[in-house]
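Peer 1: All chains should be built: construct the whole structure from the sequences, respecting the hints.
Protein sequences, first through last, are from chains H and Z. According to the UniProt record's numbering, the residues represented by the first sequence are 1 to 294, in order. According to the UniProt record's numbering, the residues represented by the second sequence are 1 to 307, in order.
Accuracy of the hints is not assured; some may be wrong.
What the hints assert, rightly or not - Have a look at the derived ranges for each label pair, beta carbon to beta carbon:
(1) H:Val271 - Z:Gly208: 44 to 52 Å
(2) Z:Tyr301 - H:Asp193: 51 to 59 Å
(3) H:Ile18 - Z:Gly208: 15 to 23 Å
(4) H:Glu71 - Z:Asp54: 48 to 56 Å
(5) Z:Pro195 - H:Ser148: 50 to 58 Å
(6) Z:Thr143 - H:Leu68: 22 to 30 Å
(7) Z:Ile41 - H:Val93: 22 to 30 Å
(8) Z:His157 - H:Leu37: 19 to 27 Å
(9) H:Phe274 - Z:Ile58: 37 to 45 Å
To be verified - A few chain H residues facing chain Z, derived, Cβ under 10 Å:
(10) Pro25
(11) Gly120
(12) Lys286
Please keep in mind that the hints were generated in silico from the structure rather than gathered at the bench. Keep in mind it's a predicted model, so treat the numbers as computed, not measured. Just so you know, even glycine gets a beta-carbon here, dropped at the ideal spot from N, CA and C.
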Amino acid sequence: MTTETLRTTVTAGRTGVITWARIRPLVIHVLLAGSALVMLYPVIWMVVSSLRPGNEIFRDPGILVKDLRIENYRVGWHALTEPFTRYLLNSAVVVLGSIIGNLVSCSMAAYAFARLEFRGKKFWFAIMLLSIMLPIHVVIVPQYILFSNLGWINTVLPLIVPKLLATDAFFVFLMVQFIRGIPRELDEAARIDGCGKASIFLRIILPLMVPALATTTIFTFIWTWNDFFSQLIYLTDPHMYTVPVALRSFVDATSESSWGSMFAMSVVSLVPVFLAFLVGQRFLIKGIATTGIK
Amino acid sequence: MSALGELGSLRGKKPVGQKKDNLAGYLFLAPWLLGLFLITIGPMVASLYLSFTDYNLIQAPKWIGLENFSRMLSDERLHNSLRVTFTYVFVSVPLQLTIALLLAVVLDRGVRGMAFYRSVFYLPSLLGSSVAIAILWRQVFGTTGLLNQVLDVIGIHGKGWISDPSTALGTLVVLNVWTFGSPMVIFLAGLRQIPTMYYEAASVDGAGVLRRFVSITLPLLTPIIFFNLVLQIIHAFQSFTQAFVVSGGSGGPSDSTMFFTLYLYDRGFGNFDMGYASAMAWFLLVIIGVFTAANFFASKYWVFYDD
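Peer 2: Spelled out as structure tokens, the structure:
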């Protein structure tokens, strides 16, 4: 590779001839940048269109803005039963509860699987791995019946309580993988100093697994924020709508003229995901690379 | 190691000769175990029972034996939803993985700005499952949507891609392919694991780019390809949000985007036909299980483990 480049540079420098080896990186960059642009163009266009007056959405495929208008945002914010603030808050509550639930319950289970020896461990571990692949549809009907008997429909409980019980098993797996990488000598040293299982977990393992906790936080944030199926089923009262459910009721309620405000609110709903991506991409990429979760 | 690899290697491991801490183990496992029984296994058993009943949430479930299942045999809409789902899964997943693999290979060859491209290509995977993007898709592929506006510029008069039953499913396939970023990142991590000396040796022997890809990259990457294939197929079978929002909740036009999951939702939560919906859910589980098992079985013939 190096000799090849060297040779090309020398030849090119001497004769000024453009060789394939020399322009190849450029061609690759043009192709990559081109496909990246094609992929993101619709999203960029949506952002731009949300800042244009109403019907432009159906006329202007370009992404140049002449005058910036925020009227779509003003209209969209109040277009549904409740102001959009309400839906953002509802989503925030669900997301926050889910994050706390996943962090606490999954790290506990992961510690047990990675560090403690107990009867039936292999069996439970296999069950845990299998449960990652279980489609939610198989349990959703009885879960719905259970939660409706408990009077939990139109509350955030059906969305948060399962997380407190570590039903998002991917994160258990992710954390098990991480804890296995922490040297056992540290546990051993703490044990000799008189630490029990609980304080080894709290004082040694937890502080060292912060990167895994960060990955869990960011994935939980994005998945819960985007989650639609369970929120659609459990939240039917417009006051309790979360952002995705509210957006979708917007689709039902709209005529052509309100596409602008629908775009505006869609953009609002994507901003937190985008920010989480910017802040946490290091953890996200690491997370999917090591566990292969979506 | 991936979750799939773990599962395969569970049998082989010997227990470490260590003192047992049963109490501590089960205490730390308690929340998960509680969730397993209350939120997962309990409901699974209940839904298995409900699949043999007629139940509308109000009256007590009535045992009807195999009637739900025989009804599935003659339910034309269900057959259609299976066709739609299979088409979606078996068109979009191979396309998505091929693109993911190609881009991963290109990016792995030391392109400058690799991290930037990786991020840009990965972003749609995070956005793709949102209602907002489904709304965008509804507009982009609509009669006066972005795609047709662009086509207009070059003089082509496009149709309403979403309102036409022959292309509506295609727009959802495009959407799934659009989220190729996460398998791509997994491929990239796999490519990193291939020792460079293999390539160096092949180069010395005079192997070209294509030859090295076919003889080194592909065989050594088969475990990752297999892993992505299993995962994306399972995932695609359960796809719901996009079809639901793009079709306005109807699975239309003419049931052309009526995924199995949409039909299940329609039966269970649209008509409160909970017994039938439970039977459908178990059928879905069996389908996914069969395809996953078939995948594992077939993997013996094409997945290469470099041990």
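Peer 1: Take the hints in turn and mark each one as holding or not.
Peer 2: Hints and how they fare:
no. : hint                            : verdict
1   : H:Val271 - Z:Gly208: 44 to 52 Å : 47 Å, holds
2   : Z:Tyr301 - H:Asp193: 51 to 59 Å : 54 Å, holds
3   : H:Ile18 - Z:Gly208: 15 to 23 Å  : 21 Å, holds
4   : H:Glu71 - Z:Asp54: 48 to 56 Å   : 52 Å, holds
5   : Z:Pro195 - H:Ser148: 50 to 58 Å : 56 Å, holds
6   : Z:Thr143 - H:Leu68: 22 to 30 Å  : 28 Å, holds
7   : Z:Ile41 - H:Val93: 22 to 30 Å   : 28 Å, holds
8   : Z:His157 - H:Leu37: 19 to 27 Å  : 25 Å, holds
9   : H:Phe274 - Z:Ile58: 37 to 45 Å  : 44 Å, holds
10  : Pro25                           : 7 Å, holds
11  : Gly120                          : 9 Å, holds
12  : Lys286                          : 9 Å, holds
The structure meets every hint from the earlier list without exception.
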